[in-house]
Amino acid sequence: MILLRLVRLLVVLLVVTFLSYVLLNLLPGDPTTQILGLSASEEARAQLRAELSLDQPLTVRYLGWLGGLVTGDLGTSYITSVPVAEALAERLPVTLELLVAAQLIALGLAVPVGVAAARRAGRTLDQVLTTLSFGLLSTPVFVLGVVLILIFAVKLQVLPATGWTPISLDLGWNLTSVLLPAVTLGCGQMAVYARLLRTDLIATLQEDYITLARARGLSPRRILWRHALRPSAISLVTAVGLNLGALIGGTVIIETLFGLPGVGRLIVDSIFSRDYLTVQGGVVLISVGYVLVNFAVDLVYAAVDPRIRHA
Amino acid sequence: MKRLTFSTAWLASLTLALTPVLAACSGERPTAPSDKAPAATGASPVRGGRLVYGLSADAAGFNPVTDQFATTSYSMAGTIIETLVGVDADGGWQPVLARSLTPNTNADEWTIKVRPGITFSTGEPLDGRTVKANLDAQKASPLTSTALTPVDSFELIDPMTVKVKLKGPWVAYPYHLATQIGMMVPPSALADPKAASRKPVGTGPFLFKEYTPGSRMVVTRNPGYWRKGLPYLDEVEFRILPDSQTRAQTLEAGGIDAMGTSRDDDITKFGALKDAYTIRRTTGMAVPEYMFMLNTAAPPFDDLRLRRALAYATDRKAVISTLRGGLTEEADGPWSKDSKWYAPGGDYPAYDLAKAKALIREVEAEKGEITFEVITPPDPNTMQGIELAQDMWRKAGVEVRIKQVDQADLVNRAVTGDFQATVWTQFSMPDPDGEYVWMHQNYAMPVGSISLNFSRLKDSRLSQALDSGRSNPQDDIRKDAYATVQQRLRELVPYVFVDHLNTGAVIAKTKVRGVGDYLLPDGEAGVPLTGAPIPSHPFSQIWVGNP
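Heads up: the sequence lines are chains A and B, in that order.
Under numbering that gives the first Met the number 0, the residue at position 14 of the first sequence is numbered 13, and the numbers go up by one with no gaps.
Under numbering that gives the first Met the number 0, the residue at position 287 of the second sequence is numbered 286, and the numbers go up by one with no gaps.
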């Protein structure tokens, strides 16, 4: 089972990296202009192309890059001359922390909101929460981010507007620097999760075993939290895994907006500067992360719903 | 967002945790007097304190030999690495690490005498050998070798003197030594360029402390700095904040003390808060021009009538009032009116819709319907400008397609001539000779080849004038030459000039003093701000006082 998944991971990686390699190289714009500037001579550009193997056919370059990947060498950035693996390792903790914090905030808010809405389905609270959820869903993160900065940094001055403090320097400052970005990123996800949980909970609460539990005199709170929530969480768990892709996309905007030195910003900057190898390294990192997280989600299914384990 | 609920205690603890962020920069009186006090600040500088400065972009690296420098690179690396030459407030060049630069009669040889008694922070001395090694490295670097094409060789004359032999007269050569080409790093940095790229070393007022790519760079006072009494600040932290709006919000929130900007919104907003913020805007030659660059080597703009028609159809006043809040000035050439190089004349086509329509009808009668494509980066501000221009040109009878391309693609198209018209911002060098390669016909190549003269305009009179400005040391002859350059540009319209984009600015809290006010080593006031679109400036004479 695990071996099969690993094989799948390898196939996904091959397809994704090849496609991204081809697409990147189809982008108009010459990396040598980005590296050497506008005033570089044609000779200097040609020499640099040869040094970077940009004069080689695409497939040869891809295979060479793949060979490096097997030995753990992701190449060296065209622009900064820093090894790509090193650049990614420097940025990864920021993005990871942002993703984890955003998911925790999203789930931490979505579960009580979803439960409350399901419990009072169709009533005023449900309608208010539903409206707020749709409002959050339809608000772009860059708008939400600017509004949150305005409120919490500019007006109330209780959180920093931008910037990043690594955990290694100061945990407290680190948490304050990640809070606004994580809330901004997590709010949209929270709305999705809350809507999913509400819908599934309403369906579960109409199941026969819930009616039986009610007939046995169990309290509504106990029924909801002990007997209905777990089987209703399958869609939620699936969404948490699948939404990782959306979250990673969101980090690109959030990291730029809040000045966070994460992987998303590195990839975007590298696309604009035609730093192909850094983008490729980022693509590998994200692909592996995405597949592994969804693999973990599959394992969590069994824990959430024992019927899956026995199936 | 209202869903976010914080307990009072949590908020209180958070506020306490943030106290250091909101704390003001503190300072103390200097223990030693400075050699020269900045002229324009009107108060005694205070030594000490910390400045947090917001930048719009990170640097690609800090090695002036191997890394391409943008204005943000100059802000960061310029605190550590100094140049042989600086530019004064009048636009002239002045020695910095050089004690003097002297041309021969023909200006085809320059003798650089190195200022004595200067050492790098590594302990290595700055001498003629090191200067020659740096200049040789720059000449060999693919980044800068084209700019140094007129240089033949460098020769060590004595331990503190280097002679520069040129292939022809070049009176503006010293200006190039005020850029990354003239930045001096120690021999150890030349020997290990990768280390120098990440941890810059130099003779400058600050020492490298730490750098987190994409996030921040911190520099601390260099206690052994050769200019006694400087710098005033103990430490400078540069924060990389690429989003202009959140950068401004961070300044408002107290997260940074100063920032660079090119947004007229920021100038208007912070300008209204005079008690809290000061604004320093670019002036003179440092101001770039916003324009539409036309490809004169390809249809339809290989026809002068159409180029002039487009200029006639462009209502510069409307662009300035609609998009710039009235902050900028109309441009009719590459140099602004407050520069000593500006010269009128040449009949630039001022807005006249009737003339535009007549010219277009005349061309269409010969060649059929005129349509063209204008390329632009996809940012909203630029798109507003393009759409406004598109509307103006349509009124004149030309159908215009807008194509969005990213910056790298746009630059590539400009270099290879794969465009008809493009949005463009350029011309902010301190001396007109800095624009030589972009306008001279020798640098205009056919479409498909790499051309530094992007508009590909070939005009012998313009090129002769550029040659004259490059080779004649007399100021009046140079002024005449550059008057001809401006006249030809107005007549031939390779660029539809819109405005002098003087919205490049540094906005600082009022406690931050001396932004753009500094003296060069021999006492002349330096040029306040340089570079575009967001300018840079030295940090050695900035200080923080009471708000």
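A few of these clues could be false.
[As the list claims (entries may be wrong)] Taking beta-carbon pairs under 8 angstroms as the criterion, some of the chain B residues facing chain A (in silico):
| id | residue |
| --- | --- |
| 1 | Gly60 |
| 2 | Ser144 |
| 3 | Pro158 |
| 4 | Ser196 |
| 5 | Glu209 |
| 6 | Thr211 |
| 7 | Ser214 |
| 8 | Val217 |
| 9 | Arg238 |
| 10 | Leu240 |
| 11 | Glu251 |
| 12 | Ala252 |
| 13 | Gln406 |
| 14 | Val436 |
| 15 | Glu490 |
No lab work stands behind these hints, which were simulated from the structure alone.
Note that the structure is a prediction, hence the values are computed from the model and not measured.
Glycine included, every Cβ here is placed at the ideal spot set by N, Cα and C.
Q: Against the structure, test the hints numbered earlier, and report the numbers of the ones violated in rising order.
A: The structure conflicts with hints 3, 5, 8 and 15, although it agrees with all the remaining ones.
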